[in-house]
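Please construct the entire structure, taking both the sequences and the accompanying hints into account.
Protein sequences, first through last, are from chains Y and D. Following the numbering used here from start to finish, the first sequence increments by one per residue and tops out at 155. Following the numbering used here from start to finish, the second sequence increments by one per residue and tops out at 488.
If you're looking for bench data, these hints aren't it; they were derived computationally from the structure. Just so it is clear, the structure is predicted and the values come from calculations on it, not from any experiment. A couple of the hints might just be wrong.
Claimed, not checked - Quick partial rundown of chain Y residues pointing at chain D, CB under 8 angstroms, derived from the structure:
hint, residue
1, L126
2, W129
3, I130
4, L134
5, L137
6, L140
7, L143
For each residue, glycine too, the CB sits at the ideal point set by N, CA and C.
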Amino acid sequence: MTGIDKRRLIFWILCKLAVLLALLSLGVQVPRNIYQGF
Amino acid sequence: MKVGSFEFFAFVAAVVAACHLYRSASYRLAVVTAASFLFMATWIETPAQALLIAGVVLAGFVMLRLTQSGWIRGPIPGLLYGAGLLAIFMTSHRATTSLAGTAAPTVSVPLLVGYSYLMLKQIHMLVDAQGGRLQPVTFLAYLGYTCGFYTWLSGPIQRYDDFAVQVRGQGDPTSAETMLLAIDRILDGCFKALLIAPWLARQSILPPQLEGTETLRFWGHIAAFYFGFYVYLYLDFSGYCDIVIGAAALTGLRLPENFRQPFLARNLLDFWQRWHITLSMWLRDYVFTFTYASLLRTWPAMATACATAAYLVTFDLVGVWHGVSVNFVLYGLMQGIGTAFNHLGHVALTRFLSRNARRRYERNPLIRVVAIVVCQCYVALAMLVFAYPLPSLRGVCMMVWRRLLS
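Laid out in structure tokens, this is it:
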């Protein structure tokens, strides 16, 4: 696997992780059984 | 242990760490297999369920060994075994009523779905072994393949040969790039399955007293309801696949892709090459081809009718595979009729248009857009039938009808 800018990828991963954790901690998630089973 | 939960990610981190302790393909396979049993144990609620799963796993290996060593000849024992698996599955389904039903399930739905994937893998191995297309399988590789925790709950359905090739190559440590891309994939899956899908599901619920609202608001809610479950299911399922594909990649295992832009499908046949791809391929190889060939042997001059019937049978099975309920039977029927109709259309185009005219027809952007819109509306309707109790769907239809008349 070539041509991947590792530093840029790490930066994006950290950004995504921060946003994901922030939104989840804000309670954006709702119960997943909203459609009776899924 | 739900995929996407904190416990799941802690579990995956522990498995990845254990896998990287020692460079040996057998060691890694043993770690992943042991982890898979731990994962399965978190879903099993009673000793009877554990016995059922263990019995089916062991019986599958015995059948496979007997087939590969030549003790079992001909398709009858394999078919009987497959029918037995299906009978157990259907009986369990009856006990749970249906996903769309109202009664509380007596067996956890994920466990049933896991069992169904185990069944699909075993049938694939037995049929291929019967045809001499399956390489010799060790007990550890068999357990790792059939019980692998990444794909236990909802696929993707990897083929054994693909699994075996990668397991043999697992002695090499995964590169930093692969690990980073895998983590990135897992995060994408989390966004889809944990954030966007539940948010969208909430938006698509029809509010009470919708009938009295203004026109724009009314139709906006109806449109969100109409496409809501379809988009939700895509985000939830493809997000789940992103998470397990990424998690598997961290231990050096490459799983097959399961989705490829299904919202761009221009007909149902195209749709099933983009949606739950590994199940579609399984159905093509072990249901459609078998049914079509059997019918064609009986009526060799009626190829189109045989193919149409094979599509109907295959997709009716897809419906019933989800559960024994009116919703799922109707869903399968809609998919079967849709794909059979597409096949007939394709035959007609081939028969009545020249190659150049057909190419022009297929490349016409207007026809393409119209076909995509019609296909997506049809799929969304089938998904509604799949997800909601029929009386509530009837209620929504009546409300829309009254609005159109007013």
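Which numbered hints turn out to be false for this structure?
-> Number 7 - this is the single hint that the structure violates.
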